[in-house]
Amino acid sequence: MPAKREKQLLVVLAAVICITALGIVISLGAERLKAARTDAAQFRDQIEKLERSIGSETQAKALRDRLHGELDVMKTRFYAPNEVNPYSFGTLIKKKLASLGMAVVRYQVIEVKGASILEFSVSGSLYSFVLFLKEVSESERYWTISSLAMTTREGAGGVDAVFRIGYEVRDF
Amino acid sequence: MIVLGYGEEKEAEIHVSRLDDGANLNGNSRIDGLLVSRLDFDLQILDIPNVPEKEVQGLIRYRLRSIYPGNPGETAFDYRVESAGAHQRAIVFISRKAILEKYRNAAPQRPLFFPYSLIEGMARRRKDVRTWFCHRDWAEHSVFRGGLLSSCRLVRKKEGERFDLEDVEDTLPEDERALPVLVIASPAELTDLRAGQRADNSSDMRYLSFQELTSAQRRLDGLFGEARRARAMFTPAARIAGLAVVVAALGVLVFFKHVWLAEASCDRLKKTHSDLVKQSGRVMAVQKEVDALRAELSSMSAEKPQDIYLLLSELTRVLGSAVQIRDMQVQGDSFQIEAVGSNPLKLMEGFRDNAYFSVVKLSQVVPDPRSSRERFSLSGVFHAR
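Taken in order, these protein sequences are the chains called H and W. Mapped onto the numbering used here, the consecutive letters of the first sequence carry residue numbers 1 to 172. Mapped onto the numbering used here, the consecutive letters of the second sequence carry residue numbers 1 to 385.
Calculated directly from the structure, the hints in this document are not laboratory data. Check the hints yourself; a few may be wrong.
As the list claims (entries may be wrong) - Going by beta-carbon spacing under 8 angstroms, a handful of chain W positions derived as facing chain H:
id, residue
1, T75
2, V168
3, R294
4, E303
5, Y309
Just so it is clear, the structure is predicted and the values come from calculations on it, not from any experiment. C-beta: ideal position from N, C-alpha, C; glycine also.
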């Protein structure tokens, strides 16, 4: 009889151990499952936010390349330091005016805020002067007319103008 | 095919021969089992109550004292329980221990059989049937009803006399004789039995040789063997416990498969997230580059000189060809013009919706008495960088 009792107790003990082990295993599994589900939900949320916030990488790169191109084009329109001086620039402008039939009445190199600019007083036809202004506007390099005073002559289509012209220098 | 030997006690030793043809077998011959002589073993049928299997053996041992005359201490038995619904019956195979030991020694490691072991499967399928298992020295008559053995009778053959099955049949109760009968014997005896069959015998009688019987056997359920004891070790409770363990293990596996799938899904999301974070870093770097480029472009655009030609073109477009600019002064972005034209107030409306111009003011208008035109001055700011 005691043997039977011992056997029963052993069976109960084994069952308790098995159930406990099973419970521990399931509890650990449930924790892992819960953690995995929580992490997955967080990742899904963050992925959704990231997908919303991230624009197209291709579009961003295309924009960057376009801006690079624009900048490169713009850079070529500035004079490099020492590439030109007021005198050679003045000669260039004088030649340009002469080629358009404009008479240079007077010109001088003046210093304004440490920069050398040229002041021209010219006269000629209005059409030629407008052509000159167009060439200045469309020149390959940036030429600056910082001030202009012009008076048209009634009837003859002539113009008298005084303007200050300079050039843009930039060190890249 | 199963090769069965037949054992019988002769001169205090067990003599083994082949069951199908009666050929003598020496100890080295391979047999799959040994059919015991019914003259050395007894068979009893006991109706037993529906008790747990572990209690059946004790119950039979107790009942054996009243049905078997041998000394219980020298008696060995094995049993098979047959049940149909609530009805339970034990087929008890009984022998003296000394005889059983001799049989075991005659065919070591081989299972022992009764005729019952060979015919019960066939009878279970046919439900109501009876069999004659005829050997040289004995014949066993078994009656099965509903597939269960209901009676078993042993007939000793008389030495030197022909066994007349018809005469024995006449002694059987009427209800048993009405059942179809299967006669199992050696081929030679079957020939004799067929020859002795009366012409007016109307019973449904079929014949089967030992060879045909052994050929039909697929599984041998030996008696008095270790296998039985080993099987008995697995009590129903143990089987249920084992099943519970298997089910629990499968449940845990299924649950963990679920866990593993969730973790794998989480890992995939983590990888996607990581890729997106990397992509976000790259896009942000490109965006920073773009911002820097925009700032540089903006800075360079600020250094872009004022376009006087564009200013003149826009003024001409807004004022129209009828207006003649007499005098013009430009200082940085500001401009001031003196012109002659008609209705300068209306012309001012053209500046209002023009993005190039702002703060355009008409300062003075002097009508020209010589013409219908007016001399006017206007000033403003030009934005064309």
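Evaluation of the provided hints:
Interface hint at W/T75: violated, since its Cβ lies 26 angstroms from the closest Cβ of chain H, which is beyond the 8 angstroms cut-off. About 51 angstroms separates the beta-carbon of W/V168 from the nearest beta-carbon of chain H, more than 8 angstroms, and the hint is not met. Nearest Cβ of chain H to the Cβ of W/R294: about 6 angstroms, under the 8 angstroms cut. The hint holds. Interface hint at W/E303: satisfied, since its Cβ lies 6 angstroms from the closest Cβ of chain H, which is below the 8 angstroms cut-off.
Proximity of W/Y309 to chain H holds as hinted, the smallest CB-CB distance being about 4 angstroms (cut-off 8 angstroms).
The structure does not agree with the numbered hints 1, 2 stated previously, though it agrees with the rest.
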